[in-house]
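**Student:** What follows is the residue order along each chain.
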Amino acid sequence: MKLLNSMVFGAVLLLSFNPAQADEVVVYSARNEQLIKPLFDAYTKETGVQVKFVTDKEGPLMARLKAEGRNTPADVFMTVDAGNLWQAAQEDLLKPVNSKVLAANIPQHLRDPGNEWFGLSVRARTVVYNRNKVKAGELATYEDLASPKWKGRLCLRTSKKVYNQSLVGMMIYEHGEDKTEQIVRGWVANQATDPFPDDTKAMEAVAAGLCDVTIVNTYYFGRLIEKKPSLPLAIFWPNQNLKNNAAGVHVNVSGAGVTRHAKHEAAAIKLLEWLSSEKAQNLYADVNLEYPANPKVKADATVNAWGNFKSNLINVAQAGALQTKAVMLMDRAGYK
Amino acid sequence: MIAAEKAPAAGAFSLFSRATPHFGPWTVALALALLTLIPLAVVASAMLHPDQTIWDHLWRHVLPELLVNTLWLVIGVGVGVTLLGTGLAWLTAACDFPGRKFFAWALLLPLALPAYVTAFVWIGLLDFTGGLATWLRESWQIAWIPPIRSRGGVILVMVLALYPYVYLTARTAFQGQGRRLLEAAQSLGISRRRAFFRVALPIARPGIIAGLSLALMETLADFGTVSVFNYNTFTTAIYKAWFSMFSLPAASQLATILVFFVLALVTLEQLSRSGARYAASARGGGGARRIRLGGANAALATSFAGLVFLLAFVIPIIQLLIWTRAIMATDLDARYLDFAWHSLLLAGLGAALVVSLAMALGYAQRLRPTPAMQFTARLATIGYALPGAVLAVGFYIPVAGLDNLIIDTWREQTGEEIGQILGGTLAVMLLAYCARFLAVGFGPVETGLARITRTMDEAAQVLGATGLKRLFRVHLPMLRAPLLAAAALAFVDIMKELPITLMTRPFGWDTLATRVFEMTSEGEWERAALPAVAICVVGLLPIFFLVKNSDART
Chain U
-6 MKLLNSMVFG
4 AVLLLSFNPA
14 QADEVVVYSA
24 RNEQLIKPLF
34 DAYTKETGVQ
44 VKFVTDKEGP
54 LMARLKAEGR
64 NTPADVFMTV
74 DAGNLWQAAQ
84 EDLLKPVNSK
94 VLAANIPQHL
104 RDPGNEWFGL
114 SVRARTVVYN
124 RNKVKAGELA
134 TYEDLASPKW
144 KGRLCLRTSK
154 KVYNQSLVGM
164 MIYEHGEDKT
174 EQIVRGWVAN
184 QATDPFPDDT
194 KAMEAVAAGL
204 CDVTIVNTYY
214 FGRLIEKKPS
224 LPLAIFWPNQ
234 NLKNNAAGVH
244 VNVSGAGVTR
254 HAKHEAAAIK
264 LLEWLSSEKA
274 QNLYADVNLE
284 YPANPKVKAD
294 ATVNAWGNFK
304 SNLINVAQAG
314 ALQTKAVMLM
324 DRAGYK
Chain A
18 MIAAEKAPAA
28 GAFSLFSRAT
38 PHFGPWTVAL
48 ALALLTLIPL
58 AVVASAMLHP
68 DQTIWDHLWR
78 HVLPELLVNT
88 LWLVIGVGVG
98 VTLLGTGLAW
108 LTAACDFPGR
118 KFFAWALLLP
128 LALPAYVTAF
138 VWIGLLDFTG
148 GLATWLRESW
158 QIAWIPPIRS
168 RGGVILVMVL
178 ALYPYVYLTA
188 RTAFQGQGRR
198 LLEAAQSLGI
208 SRRRAFFRVA
218 LPIARPGIIA
228 GLSLALMETL
238 ADFGTVSVFN
248 YNTFTTAIYK
258 AWFSMFSLPA
268 ASQLATILVF
278 FVLALVTLEQ
288 LSRSGARYAA
298 SARGGGGARR
308 IRLGGANAAL
318 ATSFAGLVFL
328 LAFVIPIIQL
338 LIWTRAIMAT
348 DLDARYLDFA
358 WHSLLLAGLG
368 AALVVSLAMA
378 LGYAQRLRPT
388 PAMQFTARLA
398 TIGYALPGAV
408 LAVGFYIPVA
418 GLDNLIIDTW
428 REQTGEEIGQ
438 ILGGTLAVML
448 LAYCARFLAV
458 GFGPVETGLA
468 RITRTMDEAA
478 QVLGATGLKR
488 LFRVHLPMLR
498 APLLAAAALA
508 FVDIMKELPI
518 TLMTRPFGWD
528 TLATRVFEMT
538 SEGEWERAAL
548 PAVAICVVGL
558 LPIFFLVKNS
568 DART
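Quick note, the sequences are listed as chains U and A, same order. If you're matching positions, the first sequence starts at -6 in this note's numbering and goes up one per residue. If you're matching positions, the second sequence starts at 18 in this note's numbering and goes up one per residue.
Honestly, the hints are just simulated from the structure, not real lab data. The structure presented is a predicted model; accordingly, all values stated were derived computationally and were not measured. It cannot be assumed that every hint is accurate.
[Claimed, not checked] Below, in silico cross-link-like pairs of lysine to aspartate or glutamate (EDC-like), each with a Cα-Cα straight-line distance of 16 Å or less: (1) U:K45 x U:E258; (2) U:K318 x A:D73; (3) U:K236 x U:E136; (4) U:K318 x U:E167; (5) U:K144 x U:D187; (6) U:K220 x A:E541; (7) U:K142 x U:E131; (8) U:K272 x U:E39; (9) U:K289 x U:E271; (10) U:K329 x U:D187; (11) U:K318 x A:D68; (12) U:K329 x A:E82; (13) U:K221 x A:E541; (14) U:K30 x A:D350; (15) U:K154 x A:E539; (16) U:K30 x A:D348; (17) U:K30 x A:E535; (18) U:K263 x U:E17; (19) U:K45 x U:D34; (20) U:K30 x U:E17; (21) U:K289 x U:D279; (22) U:K144 x U:E131; (23) U:K329 x U:E174; (24) U:K172 x U:D137; (25) U:K318 x U:E170; (26) U:K172 x U:E136; (27) A:K486 x A:E475.
Okay, chain U solo, but in the shape it has when bound (with noise of 0.2 Å):
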């Protein structure tokens, strides 16, 4: 009997109730604690209220929405890309959004079509060079990387990361596959070694002079001059002459949608209006050296001072319905 009262005891200590709370919005975010926390902060400081979250990977949050059907605390979720996303939508998980607030701040290129979920900050992907091996007249688009001029000169990182996957199936829907894996099948034949895992060692590499050309993010471009200024590298923005669906430099997004069974949809809706709107654009993108979402609010002076460029204005949510295709296809070509 003792023994029966320690494990009720033991049992009430180990349980806990998570009673819905009225004033409160909870999240699953695949976005860092570190870039998010800040801006929940600021929003409950401004708003009284509570934004709680719990930080995963995107497959095993949306494994776990899934698995709590309709008696799941979230009410957001949230990722850094839109594939993702465009994921989460496929299973359901999400419910559209009719927020005037949202559809006037967020670019229709960045949102999904359906409304169920919309971009909040922009990550480019574009290519970065050293200044003392390559000339910026030679560069010209990410498709040109496949030409033999660069045989040699190319480093990349892997293509099981989601940038390149988003990449790569944007050129599908430009392209087709047949002309989309010709190019991957170009770009594994100019890589200089094996693929990296981040792009901050590829671009590291190109610093070093293994290699003289790579296709990073931005901010990681950011975060290493940061830390280095020395290292002889550049920005360049591809893909800016054209005129047809290729034109202009890839984007995704890290973004949020509210949930299918979301308990504070409203809670929800007013966050991501909030996220969107000017006073937090700053708060979102800069701490990682992102691209805003809305139009209206400018970068932070260090992403500004690498100059203007014309995106890429095919809806993202496309990144997400060609993934899986894309992934196959640079299995196919033998891109690592």
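Following the hints, position chain A against chain U.
**Tutor:** Here is chain A on its own, set in the frame of chain U:
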């Protein structure tokens, strides 16, 4: 391990039967196996819905390379950790050389470093752009060093990270032997070297195998380290199917295949041992002398242990400390006390639970040493071979299902909305850790239990010690070293654990390991150094305690 030839002595069963009549060994074993089998069944149920397109693709373009890669990795890591772990264990357990006392515990320290962090440090040093390579190139015109981002590199780093499993279990085994047997062998005219290979090594085999299986299961389930090397293995294919191709079913199918493969291996190993008994010398090494190494041999032993320690721990930790210094001013805040406390609490409670359950399972197996029971024990400990995030989902789905049942019933009965009862609680976290890490506790416990002979049980019984009394008065004191080893392994493994912690932790309840995740997932490796060092510091506690206690006895 325990020979299947003999029924347990009369009265053995009474450990359970006297206290609670329905708590037989089989009940215990099955309950523990269910902890792993339920998540496994959830994962395996995906087999019912094969995703043909993805499978065709994987077969044609992905799996051939992966299988070769995985095989090489398993062979390389297996051979490496066995040689390194066993050799070092023998040196520090049975020999004497300058620095032995220090190395005895210092060689365990790499356990406290997450392997993927060590991997990142080594690539940072040795890759073309790394510090060492750049220095060699610019100061010495040495343009070529063996590429670290290669099959050899990933094997080397994993061996350095995982050899402590074998070192710890083999060392416990060697310590238990005592030197009398060796001395007896030598007195029969066998040379010391042959005595090692013919006597000491075979008796330590279960210990070595226990450590080796842990290291290999960890290798197979690893995603972090191989990702840093961009070395594609079976587990990277599992995550590719899930995260990149959005197919959790395909990922689950691959994971199921992996688990069956591991299950087949451990069962084969089990069969290969059946009939053999390793209980010969549990009477400890009281008063036995160490083999004193002299001159060149002593120098060799010291430099070997020193080199391993340097590569596996000193160099990575120095790099981490340098990074930590750079970011400490901005990143270190009062919250770290919370993170450390959460880690300590989880790892402490988790290790206690894992070891208790491992002990229960080991005892159940001892009382019913049938092949069926042994197979059940293998099943109960297979969770360790499953990639962590897959196990986490397999565990979470039934928990959430149960929660939904409670919430829905409550709503129907009362019309009130309540939140999750189980999700986000410590209890669920701890149980999930057990599903994953039972193997870590069970390996040492099983080896230790096997060394307690039947005659000892009988002697104890004659003296009136049966059931629980025998457990506490006879067995537990003899199991001191293996239990401590099991606790230390479980402790550091839980400290480093990520997928389960991420999925099941309560809101706002971050640990040191989740801090590492926050930083590394956005590529901020230098900033991950601070929590990594903190894990190491907190992880030191049990290792220090373990060796102090186990050495006091030898």
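**Student:** Hints numbered earlier in the text: which of these fail when held up against the supplied structure?
**Tutor:** Every hint satisfied by this model.
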